[in-house]
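Please build the complete structure, drawing on both the sequences and the hints.
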Amino acid sequence: MTSPRTADSLDEPEFLDRLRDRDPDALGDVCRAYLGQVFRAARGAGLDPGGAEDVTQATFATFIESAPRFEGRSSVRTWLFGILYRKLAEARRVTARHEADDIDRVFESRFDEDGAWIRPPRTPEHETEASELRDALAGCMEHVPHRQRRVFALREVEGFSASEVCKILGLTTTNVGVMLHRARNRLRECLESKGFGADARS
Amino acid sequence: MLGPSCREVAERVGRDELDSLGRWDRLLTRMHLALCRHCRSYAAQLRTIGRVARSMYRGDPVDESTISRLEETLLADLAGRASGGAAPVDGDPPARPPAI
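These protein sequence lines map, in sequence, to chains A and B. The first sequence maps to residues 1 to 202 in my numbering. The second sequence maps to residues 203 to 302 in my numbering.
Careful: at least some of the hints might be erroneous.
For lysine to aspartate or glutamate, the following DMTMM-like pairs were computed, each having C-alpha atoms within a straight-line distance of at most 25 Å [unchecked claim]:
(1) Lys167/A x Asp101/A
(2) Lys167/A x Glu213/B
(3) Lys167/A x Asp221/B
(4) Lys167/A x Asp218/B
(5) Lys194/A x Glu108/A
(6) Lys194/A x Asp135/A
(7) Lys194/A x Glu132/A
(8) Lys167/A x Glu12/A
(9) Lys194/A x Asp112/A
(10) Lys167/A x Glu65/A
(11) Lys194/A x Glu213/B
(12) Lys167/A x Glu219/B
In short, the hints are calculated from the structure, not lab data. Given the structure is predicted, the values throughout are model-derived calculations rather than measurements.
What follows is the structure in structure tokens.
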């Protein structure tokens with residue numbers, strides 16, 4: 001048994017050769033490094049613990065099955081999350097249609113015709129309301145459409161770059177930007193409706 | 203104000219577009235953010251939302267125990283492969299004799 005590897009060493013050419021040969025120790029290193037992240041991402045995408053467990057198992061099964069075909073054009077982590085998000089999309093039968101979103105109209109309504117804020121945002125209070133804010137955000141997250149939620153989770157929670165998110169979800173940079181913007185504004189508006197971040201008209 | 207409006211700045215911040223802007227637009231956007239407290243508040247709200255979201259998905263005790271169990275199962279399966287055959291995992295059907 002080899003000692004646990006650092007995330008960077010999981011993308012070294014020698015290690016990728018072992019992965020392609022489906023070396024159990026190499027596959028085990030990937031499992032140790034990323035299984036928790038994949039499971040939490042599935043939870044973050046809105047699955048209950050049982051559903052997240054199923055999709056995590058399916059993701060690693062596909063990962064092991066497809067390891068010989070991995071070309072190394074993206075990192076192992078990006079590849080793994082690509083498998084995960086295809087599983088999530090299959091599970092939800094997400095369509096690739098691009099549609100107008102009510103949140104765009106809400107966002108526009110926050111500005112006057114010169115593009116200045118009509119009702120300015122309030123600087124968040126860091127010290128107070130932390131647990132309340134967390135509970136409120138969890139509730140608001142339920143109202144974010146799945147595709148927007150995935151982009152938000154990959155960028156904000158998992159810390160993937162925009163280009164990595166594009167690879168994982170098969171979207172253009174512009175689409176990723178639009179969906180991130182919509183998810184953030186939907187959450188912001190929802191929190192404001194619950195009394196967070198609202199400010200008196202100035 | 204010179205340069206982009208609050209709406210344009212909020213859109214650029216919301217889309218994480220600052221780094222992909224040309225130098226001039228990036229400079230004007232940063233200047234706007236430095237001078238406009240409303241847009242700074244908006245950016246701070248988005249940062250807070252990201253920070254709270256990160257804390258939401260970490261450290262749930264039920265999730266952590268499920269992760270440990272899943273990892274054990276998968277590693278046992280991989281150890282089985284290493285020793286020459288796939289180890290049974292929870293939920294596998296019982297082994298059947300090969301068809302003749």
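Verification of the supplied hints:
Simply put, Lys167/A and Asp101/A have alpha-carbon atoms about 24 Å apart, close enough for the 25 Å limit, and the pair holds. For the given pair, Lys167/A sits about 23 Å from Glu213/B by alpha-carbon distance, which is consistent with the 25 Å threshold. Our distance criterion of 25 Å between C-alpha atoms is met by Lys167/A and Asp221/B, whose separation comes to about 19 Å. With a C-alpha separation of about 17 Å, the suggested pair Lys167/A and Asp218/B falls inside the 25 Å cut-off, and the hint holds.
Between the alpha carbons of Lys194/A and Glu108/A the distance comes to roughly 20 Å, so the proposed pair stays at or under 25 Å and holds. Straight-line distance between C-alpha atoms of Lys194/A and Asp135/A comes to about 11 Å, which keeps the hinted pair within the 25 Å bound. With a CA separation close to 10 Å, the supplied pair Lys194/A and Glu132/A stays within the 25 Å bound. Under the criterion of a C-alpha separation no larger than 25 Å, the hint pairing Lys167/A with Glu12/A is consistent with the structure, at around 20 Å.
Among the hinted pairs, Lys194/A with Asp112/A is consistent with the structure: their alpha-carbon atoms are about 24 Å apart, no more than 25 Å. Distance check on the hinted pair: Lys167/A and Glu65/A sit about 20 Å apart at the alpha-carbon level, within 25 Å; holds. Taking the CA atoms of Lys194/A and Glu213/B, the gap is near 23 Å; set against the 25 Å cutoff, the hint holds. For the proposed pair Lys167/A and Glu219/B, the alpha carbon gap of about 18 Å is at most 25 Å, so the pair holds.
When held up to the earlier numbered hints, the structure conflicts with none and fits them all.
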